[in-house]
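Undergrad: Spelled out from the first residue to the last, the chains are:
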Amino acid sequence: MLGCFYAAVSIGLSVSFGLLDVPHVAHPAIMVLGSYFTWVLGTYGWDPLAAGLALMVPFFLLGVLIYRFYHAVFESRGSDAGVRGLAFFFGLAFIIEVGLILVFGVDQRSVEAAYIGKSFALGEYRIPMRMVVAFGVALLLTFSLTLYLSKTFTGRAIKAVAQDEPALRLMGANPVRIKQWAFGIATGVSALAGAMLIIVSPVEPAIDRLYIGRTFCVVVLAGLGSMTGTLAAGLILGIAESIVLMQFGASWAPAVAFSILLIVLGIRPQGLFGR
Amino acid sequence: MSGPLLQISKVSKSFGGFAALTDVSIDVAQGERFGLIGPNGSGKTTLINCVSGALRNEAGSIVFDGAEVTGLPAYQRTRRGIARSFQVPRPFRSMSVLENLIVPLEYVAHKGSLHIADTRSEALALLKQMNLSEKADTPSSQLSQVELRKLELARAMAARPRLLISDEAMAGLSGSEVDEVLKILFDLNATGITIIMIEHIMQAVMRFSQRVVCLDAGRIICEGAPAEIVKNAEVQRAYLGV
Amino acid sequence: MKFWIGAGVVLLAGIGLPLAPVINEYVFYAGYMVLTFVVLATAWNILGGYAGYVNFGPPAFFGAGAYAAVVLFKWLQAPLAVQIVGAAAVAGLLGFGVGLLTLRLRGIFFAIATVAVVFIMETLMVNWRYVGGATGLQLLRPPVELFDSYTRMLFAVMAVMSVAAVAIARYIQVSWLGRGLRALRDSEEAAESTGVPTLKLKLFACTVSGALMGAAGAPMPMYLSFIEPASTFNLSYTVGSLGGAIIGGMSHWLGPIVGAILLGTLQQVVTVTISNEMNVLVVGVLLVFFVVAAPEGIVGLFLKIKKAIRK
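As they're listed, the protein sequences go chains E, C and X.
Just so you know, the first sequence maps onto residues 346 to 620 in our numbering.
Just so you know, the second sequence maps onto residues 37 to 278 in our numbering.
Just so you know, the third sequence maps onto residues 890 to 1200 in our numbering.
Since the hints were made in silico from the structure, they are not lab data.
It should be emphasised that the depicted structure is a prediction, and the values quoted were computed from it without experimental measurement.
Every residue gets a Cβ at the ideal spot worked out from N, C-alpha and C, and that includes glycine.
Errors might be hidden in some of the hints.
Stated by the list, open to error - Okay, the calculated bits of chain X under chain C, using three or more residues with CB under 8 Å as the criterion:
hint: 1; stretch: 1043-1051
hint: 2; stretch: 1084-1093
Claimed, not checked - Below are the DSS-like pairs computed for lysine-lysine, each with C-alpha atoms no more than 30 Å apart in a straight line:
hint: 3; chain 1: X; residue 1: LYS1193; chain 2: X; residue 2: LYS963
hint: 4; chain 1: X; residue 1: LYS1196; chain 2: C; residue 2: LYS171
hint: 5; chain 1: X; residue 1: LYS963; chain 2: X; residue 2: LYS1195
hint: 6; chain 1: C; residue 1: LYS171; chain 2: C; residue 2: LYS219
hint: 7; chain 1: C; residue 1: LYS219; chain 2: C; residue 2: LYS46
hint: 8; chain 1: C; residue 1: LYS164; chain 2: C; residue 2: LYS219
hint: 9; chain 1: X; residue 1: LYS963; chain 2: C; residue 2: LYS171
hint: 10; chain 1: X; residue 1: LYS1195; chain 2: X; residue 2: LYS891
hint: 11; chain 1: C; residue 1: LYS267; chain 2: X; residue 2: LYS1196
hint: 12; chain 1: C; residue 1: LYS164; chain 2: X; residue 2: LYS1196
hint: 13; chain 1: C; residue 1: LYS267; chain 2: C; residue 2: LYS219
As the list claims (entries may be wrong) - Restraint-style ranges between C-beta atoms, simulated for each label pair:
hint: 14; chain 1: X; residue 1: THR1162; chain 2: E; residue 2: VAL451; range: 19 to 25 Å
hint: 15; chain 1: C; residue 1: SER97; chain 2: X; residue 2: ARG993; range: 20 to 26 Å
hint: 16; chain 1: E; residue 1: GLY481; chain 2: C; residue 2: PHE51; range: 34 to 40 Å
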């Protein structure tokens, strides 16, 4: 259950980092931003899921903007771009985090909805309703994104741009616009992920750093660019964390994602399904 | 010195499911001028990457000067005497032309005894050979295409190689520029350096090479003297796609 | 030669000033933090600026050094000098380990790995009761000789450390080591093929960088008379190191010094006049601004202007 949620959260990163090679360490921060916007809309009476869906559009545009800026400043320049791009996204994440603290304070926020707080019984286990919602959304998201990437023209173009940019140019498609579009999708998706985040548990500004670990762990474990791999990796992480939580207690749980990440990087950097 | 300088034996390399090189075997003799041709995507640069160490081949072995170098990192192969230029020039952009040469001089030629004064004069001598002396202190990011190509060659030369691999050093150059680079390569060969040339400019390859090998889709399809290669039906088919 | 004269002056000031009783204690209290950031930014720049590998892990190395010092103090009653050496060794080892694991891969994987190390270190320390776990540990400062207060002594120690760190960074920068690092930053592939042992150099830079950060962390527990994971593994160390180096200028050893001093003073001013959070935001914005618009940093810009004037 948790695993699917992690998978959903990481899908956006799978696209922006896995396929597009953008060092997008600010991805979780944007997701948290989405969570807060969801919360704000919640105070106006919006259902968080609906809010998440509605936010996808403005976040998509935000993503496009960010990418255009990133591309203009960094991707078109020379050797230093790697360091600066990374520092840029770090700075961005940092500004978002601090901005959120300034506006909302450091306390945790959560949302109310019909399905939060209830749970339903499945044999011996009681499953919180909100997890089911997150689970469902996550599955839907993964499937639709996988389908999109393999069936539609733009989807396949996105995959192509990751592999062979010059060839794509020859086919008449503009790689920059495609990357822009893809990044927008990734950001839009993280808006929805943000909504789910706040459905599943309370949110505070500093949480984005923890999620850097989780999302990158999932993406690396899955192998860059593999959507279904993301689902599998998310599940693995979710299970691993739950086990550690039960066996060793909450103080060890945050380290799980990061530890897995380090191990994978050391042993098999292509991940499970990577190219 | 008996035996070939470079022995490539049954080398194969794949990227995921794509076989870039299959069972390639080539011997290059000491002092030889060797040409490597083939259509785009035939695996020429991949082969060179395997020889220089930028890539690791999955199967087969590469023996240089009698010693196995398969599996050695690139910088060690350079220190043993294999140098290459890059198809798309990769200068050290934050450095001047001179400094670009000082790096290999310090790390290869002078490992162990580092006196900046000596390396400077050596670097200048190299630049003179390449007709780049006036540009010594220019930032390498400001060079023209042909100057960049010459810098690539100069930098490879600064590593004092026994084998120099020139990867499409003349692509996109004008007729007189091609002649200039060709003359440089001839002069280098005259000093005893074995040269492997990868080129698309046929007249350059044919004038330069003593022996030519043609690759297509990762396999050798023809090997022999330039005159024979040009007439070979397989080669023509590979290039014309017929 | 000029450098060593300057360094000597700084050293004299660094040790002499604390000995003078007239100067306000606060100067040394705040100055210690600024000097800490000078060391951190300089250390960061060795790997980040010279080699081009971004390290988000200063808190991990700094914290490793701090906790190593605590362990040495608690277990062996080790004097400060030994603590610092021990801390540097531990942090250096950590740097080497992380480097070995990830420097073979692209820069971003290294960067993410450093984020991971911070979290893991923090989690480990939270769960280690010997050093106080989550609640932390109180420390009793040993009596101080020569100086009027322990803080003053720490300031002097940090001054010496800063000079040492900068000297090391400067040596690396102007030597063949620095050229190799710059080559691998400009084009790792080309560097390898020109005979530069890129992995070895990267590991070297990572280890030295980590060790210096650890050394900077060692006196911290004594400075606060207290240690606990949350503040030790704080994000502000990352921002301070990156910010100091990027804003000051990544290609020259002067850069991190300028950057760290600037950020340090800015921090004091803004925190006092506006608010603590605002200060942090300002640093973040400055960081992004410089990354985007002025990647050479202040020192870089200054050098550019100098060159332009000459022409």
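Undergrad: Please go over all the hints and tell whether each is borne out by the structure.
TA: Verification of the supplied hints:
With a cut-off of 8 Å between beta carbons, the stretch 1043-1051 of chain X has 0 residues touching chain C; three or more are needed, and the interface restraint is violated. By the rule of at least three residues with a Cβ nearer than 8 Å to a Cβ of chain C, the coverage given for the stretch 1084-1093 of chain X holds, with 5 such residues. The straight-line distance between the Cα atoms of LYS1193 (chain X) and LYS963 (chain X) is roughly 50 Å, outside the 30 Å bound, and the hint therefore fails. Distance restraint check for LYS1196 (chain X) and LYS171 (chain C): the Cα-Cα separation of roughly 18 Å lies within the 30 Å cut-off, and the hinted pair is therefore satisfied.
With a C-alpha separation of about 52 Å, the suggested pairing of LYS963 (chain X) with LYS1195 (chain X) is violated against the 30 Å cut-off. A threshold of 30 Å between alpha carbons decides the hint, and for LYS171 (chain C) with LYS219 (chain C) the separation of about 20 Å falls inside it, so the pair holds. A threshold of 30 Å between alpha carbons decides the hint, and for LYS219 (chain C) with LYS46 (chain C) the separation of about 33 Å lies outside it, so the pair is violated. Note on LYS164 (chain C) and LYS219 (chain C): the hinted pairing holds, with a Cα-Cα distance of about 14 Å set against a maximum of 30 Å.
With a C-alpha separation of about 61 Å, the suggested pairing of LYS963 (chain X) with LYS171 (chain C) is violated against the 30 Å cut-off. In summary, the hint linking LYS1195 (chain X) to LYS891 (chain X) is supported, as the alpha carbons are separated by about 19 Å, within the 30 Å threshold. Annotation: proposed proximity of LYS267 (chain C) to LYS1196 (chain X) is violated, straight-line Cα distance about 58 Å (limit 30 Å). Between LYS164 (chain C) and LYS1196 (chain X), the direct Cα distance comes to roughly 27 Å. Compliance with the 30 Å bound is thereby established for this hinted pair.
Distance hint between LYS267 (chain C) and LYS219 (chain C) is fulfilled; the C-alpha atoms sit about 26 Å from each other, no more than 30 Å. Range check, THR1162 (chain X) to VAL451 (chain E): about 22 Å between beta-carbon atoms, so the 19 to 25 Å window is met. Against the hinted window of 20 to 26 Å, the Cβ-Cβ separation of SER97 (chain C) and ARG993 (chain X) comes to about 23 Å, which satisfies the hint. Separated by about 38 Å at the C-beta atoms, GLY481 (chain E) and PHE51 (chain C) satisfy the suggested range of 34 to 40 Å.
Going down the numbered hints, you'll see the structure goes against 1, 3, 5, 7, 9, 11, while the others check out.
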